[in-house]
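These protein sequences, in sequence, are chains A and E.
The numbering used here numbers the first residue of the first sequence as 1 and each following residue consecutively.
The numbering used here numbers the first residue of the second sequence as 1001 and each following residue consecutively.
Where hints are given, some of them may not hold.
Stated by the list, open to error - Taking CB as the label site, the calculated pair distances span:
id, chain 1, residue 1, chain 2, residue 2, range
1, A, G354, E, P1155, 44 to 52 Å
2, A, Q353, E, A1348, 33 to 41 Å
3, A, G310, E, A1046, 41 to 49 Å
4, E, A1348, A, G310, 34 to 42 Å
5, E, A1260, A, A19, 46 to 54 Å
6, A, R185, E, G1007, 33 to 41 Å
In short, the hints are calculated from the structure, not lab data.
Glycine residues also receive a C-beta, built at the ideal position from the N, C-alpha and C atoms.
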Amino acid sequence: MRLSGGPGEPAGESSPFRAEVRDWLRAHVPARPLASVDTAEGFAAHREWEHELAAARLSVVSWPVAYGGRGAPLLDWLVFEEEYYAAAAPVRVGQNGLFLLAPTLFAHGTAEQLDRVLPSMATADEVWAQAWSEPDAGSDLAAIRATATAADGGWLLSGTKMWSSRAAFADKAFGLFRSEPGARRHRGLTYLMFDLRAEGVTVRPIRQLGGRTGFAEIFLDQVFVPAADVIGEPGDGWRVAMSTASHERGMSLRSPGRFSAAAARLVELWRQAGGQDDTALRDRVVDAWIGARAYRLHTHATAARLAAGGSLGAESSLGKVFWSELDVALHETALDLLGPRAELASPDVDVDQGRWLDGYLFSLAGPIYAGTNEIQRTVIAERLLGLPR
Amino acid sequence: MTPGRSGEQAQFAASLHAMLADAEVPAAARRWAAGDRAPGLAVWRALATLGVTALAVPERDGGLGAGFADLVVACEELGHHAVPGPVAESVAAVPVLLAALPADAAAGDLTGGDLAGGDLASDDLAGAELPARNWPAPWLAGLAAGDLIATAAMPPWLPWAVDTGAAGLVLLAADGTVRIAAPGARYRSVDPGRSLSQVTGGQLLARGPAVAAAIARALDAGTLACAAQLLGAGRALLEASVRHAGQRTQFGRPIGAFQAVKHQLADVAIGLEFAGPLLDVAAATLDGDDEHVARDVSAAKVACTDAARRAARTALQVHGAIGYTEEHDLHLWLLKVRALAGAWGSQAEHRARVMAAISVSAEGAGQDQGVETPAARQPVAGQPAAGQAAAGEPAWS
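In isolation and in its complexed conformation, chain A is listed as follows (with noise of 0.2 Å):
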């Protein structure tokens, strides 16, 4: 008896698909890193870049040919994902479009507007912010205040969105507003695109932990949008987020490839600098170690299973929670490895570029955007373990 299957089974380095990533990334990622994002300068370089991997056709391998990608399978799009993070390529400034608007447009979107956004958003011509939270609806998402209007051919946008990703230097955004006045919690709320240059639109750029602008605040007052910008129905648009929530949460915003790199890039820093009678430390980088390959197999899995047919649900927040404490103690172990340089934020001299406390820095926001991890939690206990509301 041999029952068939079992897990993801290392397969070696053999996919040619991985061999032509490897070969292009290796002739193309920057030798220094670009200025941060979070600058104009930045921002700039950041584009002029994902114009670059458009062109060779790798900025969104998974997506239908017409639209920029390949066609490729689920499994191609974490090769390509592995192969990004170990070559330490630049962020992707057009993420929240590419793992956040483009699935929901997948889902939901009108095959007019697939033509009109993804071909720019593909290329970075475009790129978008999102515009969830409010100053009061974070975790509580539907509680939702800006509007929208209904208006001549369109609604009319007011009010406040907070904490927006990129929105800074962004081009565009998407959120949802209350378009059913009256209407309470998740009903009467209504998915729009918005332009952020916009008459109307005003932008605040926030300075997070760590001094940059990665984030913003949007003042919308009377901003008109077509009516063609609604995705899926008028006042339909809690459903149609919670799909783009489940893509945040699990497979598509944090591939495994960022958290194998960085677990080997802490066995290499424990190579160097561990002592080799600190079992304490040398636990944690294993547990880092663990953690990583665990979350790898498990996506793998996981993918396997959607191309399969299978959906994605509440397990999406499983994912959430491990990978965003993964990231936090595996960043925390490799500064605690590196001692009193691990302080030294000055570009001259600090410790392998900053990435290790520029990486702990960004880890600290995990267990906080994309649903917090408490949010997550309480998912997990009602809708997988079936414990009572």
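We have chain A; now place chain E onto it with these hints.
For chain E alone, coordinates are given in the frame of chain A:
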């Protein structure tokens, strides 16, 4: 269904689960602990009927010659039901050891006289005959058929042989030699269903460098089986906790409605969920006799142990005082997890083994690239966008 497992494996697990759920295993475990092994041995015979005891026995010896991928599915279910007896030893380590011994390693034919003594002729196993010649084939056949239960001491990871009283074959495998073992002083385990026997080496069965390799493989097989039991026990503890939290009412609500309880159980679920793939990939690695066996088996043991221990601590906390009693069945799982957590190598030893494997070179530090699952090779019909990379920066909301 566990991610990455096949439909056949899920069915196998389901049929084991159905049989064990009907077999009143907790009652059998309690009687086993009290010295009456008859109900527990009946469970073992039922497991043999479903092929569990034959999985690791080669087909030439009357077994199923199944892979470790299937063995972990079975052992996880045995842990899920807290089946008493030397599971990792008899179902995994001993058959793997005997099957891996080189043909020319035998120190000589055995006669019945050489095998006399100790607990070898267990009263509990009617019909189990001691093999006299051409070992280990008859032992393997006996294990496969369920006529023989085996155990072993394999110091330093297994200093004592567990459950010698139930075993018709007790081995001592260490330092490149395999011997018949004579059980001596018997100690109680924290798990009342386990007893630990000191053993002294008797009749030499095999020795040499190839025997050392066979012992190493048997240790990895037993460790993997133990990790699978831990994962299954963790799942059972989570299920029991969810049931209890949905039924027990305080302050006018089920305690499972409180976030403090929900979030603890969510963390248990996360730990178990991400230990599973490590277990399965370690089985695949062991099936392939891959160079990464030590790394993957140890990573699985570390992760399954941590996940099971978190499940145990949380289960006790969620159950409250009733969980701290012998009256409640929960203690069968709580104490088995504690016992298995230190068996088959400590967490420190396994973490050291992982580090030794991953830090040998800069290249070795990397994760394996190119995990391929056949089912994942087809394009995603009607589901073109998985979205794209999220490098380095947060997506706030």
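So which of those numbered hints doesn't the model satisfy? 3
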